[in-house]
Structure formats: structure tokens, C-alpha cells
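Enquirer: Chains A and B, in that order, give the protein sequences. In terms of the numbering used here, the first sequence has 149 at position 149, counting the first letter as 1, and numbering is strictly consecutive. Basically the numbering used here = 1-based index in the second sequence + 164.
It is worth saying that the hints were derived from the structure and are not from the lab. One thing to keep in mind: the hints can contain errors.
To be verified - According to the in silico footprint, chain B covers these stretches of chain A (three or more CB under 8 Å from chain B): (1) 21-29; (2) 54-66; (3) 131-141.
Being a predicted model, the structure only gives us computed values, none of them experimental. Idealized CB from N, CA, C, for every residue including glycine.
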Amino acid sequence: MAALGSDLHERAFAAAASVCDPEIPVLGIADLGVLRDVRVVDGVAEAVITPTYSGCPAMNMIALEIELALEKAGFARHKVTTVLSPAWTTDWMTDAGKEKLRAYGIAPPAAKAGRRALFGEDKVACPHCGSSDTQRISEFGSTACKALWRCKACAEPFDYFKCI
Amino acid sequence: MTDTPLFQYTLRLADTALILGHRLSEWVGYSPVIEEDLAFGNMGLDLIGQARALYTYAGEIEGKGRDEDALAYLRDVASYRNLLIVEQPNGDFTATMVRQFLYAAFAFPYFERLARGKDATLAAIAAKAVKEMAYHQRHAAEWTIRLGDGTEESHARAQGSLDELWPYTGEMFEVDAVERALIDAGVAVDPMGVRDTWEKTIGDVLAEATLTRPRDGTMQSGGRSGRHGEHLGHILADLQYMQRAYPGAAW
Numbered sequence: 001m002a003a004l005g006s007d008l009h010e011r012a013f014a015a016a017a018s019v020c021d022p023e024i025p026v027l028g029i030a031d032l033g034v035l036r037d038v039r040v041v042d043g044v045a046e047a048v049i050t051p052t053y054s055g056c057p058a059m060n061m062i063a064l065e066i067e068l069a070l071e072k073a074g075f076a077r078h079k080v081t082t083v084l085s086p087a088w089t090t091d092w093m094t095d096a097g098k099e100k101l102r103a104y105g106i107a108p109p110a111a112k113a114g115r116r117a118l119f120g121e122d123k124v125a126c127p128h129c130g131s132s133d134t135q136r137i138s139e140f141g142s143t144a145c146k147a148l149w150r151c152k153a154c155a156e157p158f159d160y161f162k163c164i
Numbered sequence: 165m166t167d168t169p170l171f172q173y174t175l176r177l178a179d180t181a182l183i184l185g186h187r188l189s190e191w192v193g194y195s196p197v198i199e200e201d202l203a204f205g206n207m208g209l210d211l212i213g214q215a216r217a218l219y220t221y222a223g224e225i226e227g228k229g230r231d232e233d234a235l236a237y238l239r240d241v242a243s244y245r246n247l248l249i250v251e252q253p254n255g256d257f258t259a260t261m262v263r264q265f266l267y268a269a270f271a272f273p274y275f276e277r278l279a280r281g282k283d284a285t286l287a288a289i290a291a292k293a294v295k296e297m298a299y300h301q302r303h304a305a306e307w308t309i310r311l312g313d314g315t316e317e318s319h320a321r322a323q324g325s326l327d328e329l330w331p332y333t334g335e336m337f338e339v340d341a342v343e344r345a346l347i348d349a350g351v352a353v354d355p356m357g358v359r360d361t362w363e364k365t366i367g368d369v370l371a372e373a374t375l376t377r378p379r380d381g382t383m384q385s386g387g388r389s390g391r392h393g394e395h396l397g398h399i400l401a402d403l404q405y406m407q408r409a410y411p412g413a414a415w
């Protein structure tokens, strides 16, 4: 097994982490918390990923793109393993990832995941003007991980990355 | 390993998720407003995702080489083990929403317990599903309240849907020999353990919705042993058509 921090391991990690969520092309899968591990064992580069939602249709695409990225990085043998446990949470999203979301026009998850976040009212800041005078339009948005909101200050609608 | 209690139990959970997911998918393109079209599509996707993971695991338990597709597409009505409530027709918007509420209010605390069960794979699948079912419960409860406490028309329709669906709620709490052994082993969840939570959720929401909780009369039963109403056959005809007409088709 290539040691953590070795050149081989770093090259494999960088390749896998370069893959973006196809629905949110600014957000890498490492920032998203979907990429759980990358290891190189006996010359085989393996990326371990976990789905955001049980039915997330982006997972097949992400797995395919990881394999392509590893291939391009010079790993002739590679595989992608999907794990369900521990269950993905928006708490794993990095601060850099949240900032990229905001810059892209998607409000990042506002709170720590938990029962309160699932049943309470979220306080969401508009990713365009920063106002917190916002309102939920729809609990479901363009993908399973997002809801639809609008800003009452600047009147722009926006996607909100749900806190789970 | 073949037809073990664990296989049967996993299949029951998978079939219920798949059939409800399919029912919700039938709304896509037909919902009254675009937001609810998205909602049904997304909730259906959650359920079908849960079903895929459960079928894959069921196939592994069985050990006969059946994958998720073989289990979903190549079994007939009598082999399906879903709860009868999920195969009930979508009816109008109130019927679909009330059904979603009655089921989600059960599945949320049920999966919460399953996530702490002794079977690591079922626990992992449940730990993901619990967040999804909490969100479904929240969404369906809000609509149940809005419809019940809405206009005269929406109230009458919501109450009618609730009355129609109520006889299918008893089956959620049934336990047979297959499940009893797994419950005793700490693998399966005893549904009676979530009954109080379910009753409280239902009671609170119906009160706010100004809807009347129907009386517990004769309850329908049989889905878990493969005795279904006529509706499931129609669902499967639609769901399984491609694999039946073009076996092994892939794209």
C-alpha cells in the first residue's frame, strides 16, 4: 500500500478530488464530502465514495469520472467503491466548498445537521446580496440535495443546499 | 443461504420502497404545480434509491446471483412483499399526499430504530433513509395541514382520502413469524415500538389539519405474504414492461 502522503497516494487523491459534482460543476467531490478515501494498494488506485442521497443519480457519473481521472493520472488499474456508512451529512462539506457554492449562487447548508435542521425553519442568507430576509418557495429544488428559495430584499430566486 | 427470514425481511422493505417510489413517479409531468412535480420526483428518487440498496443486499443474502434488477423486474405479483398501502392508486393530490404522510410518519421512526439494529448493512441503509423519510414526513404533513385546513373542497377530499387509506395502516404494525425471529435477534424493528410515535405524529397533524382520525375498524392485510389487490399487477405491467419484452436490455 502506498503510504499516506507519498507521491503515488497524493497523485491518486488529486486525480479523484479533481472530479466535480455534475450538477454543481464548481464543487469538487472532496469539498462535497462525497470522496471518503483514496488508497493505492498493489498498484490499484481505489477511490471510496458515499452518496449524498440514496437515489442520487449523479453517483454513476461521478464514479465514471473518477475512473477516467485515475486513468489519466497514470493508474492503469483503478476502481471505485461505494459505501453507505457512515451516512453522508452536509457537516462534511468543507468551508472552501461552502464558499464555492455561495460564489456560484447556491446558498450553502446553514446549520449543523440534526433533527432541528430537518424539522425547524432554516435561516438562509441570500447568496447574491447577503440579506437574511429570505423565504422558502419549495422544499424540493432542481436536485434531491437542494430546495428553492427567494430573496425578498433583492428579489432573486436561488437554490439552497439542504442541511441533512 | 436461500429463502431465509433475513432475505424475506429485506425484500419486504425493498418492495415497499420501490412500489411507493414508482407511484410517486407517476405524478411527474402531471402535478398541479411545478414545485410539487419536483417534490414527487425527488421523493420517488429517494425511495427508489433505498429500494436499490435493499435489493442489492437481498440478492447477496440469497446468494443465487440475483441482482437488484432481477429482483425488481423479474418477480410477479405473488412474489412481491410490499405493504398494501403503497400500491393504492394515487387518486387525487390529497390521496397521494395523505398516503405519503401516513407512510413517512411510520418509516421515519422505524428507520431510526433499524439504523441501530444489529445487521450492519440494513443499519447503514436505514441511517441514510431516515433523513429522507423525515423530510418526506415534514413535506407531506405540511400539505396535509394545508389541504385539511383549506377550502371546503380540499377539506372534504383530504378527509375522504384519509378514510379510504386508513384500513391499510394496520398492516404496518403486523408482525409474523418471519419478523418475530429477527426482532428477537435485534436485527429487525418491532413496529409496535414505533406505534406511539406514529400515533402522536398523526394525531398532532390531523388536529392542526382539522381532519378526523378514522376509527380503527377492519384492517386490510396480506401484502407481506404476497396477497395483493388488483392494483399491483397494473403497476408491475408498467414497471417491468421493458425487461419482460426485451430480457436483459441495458443502456
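Enquirer: All the hints need checking, so say for each whether the structure fits it.
Expert: Structure-based check of all given hints:
no.: 1; hint: 21-29; in the structure: violated (count 0)
no.: 2; hint: 54-66; in the structure: holds (count 4)
no.: 3; hint: 131-141; in the structure: holds (count 5)
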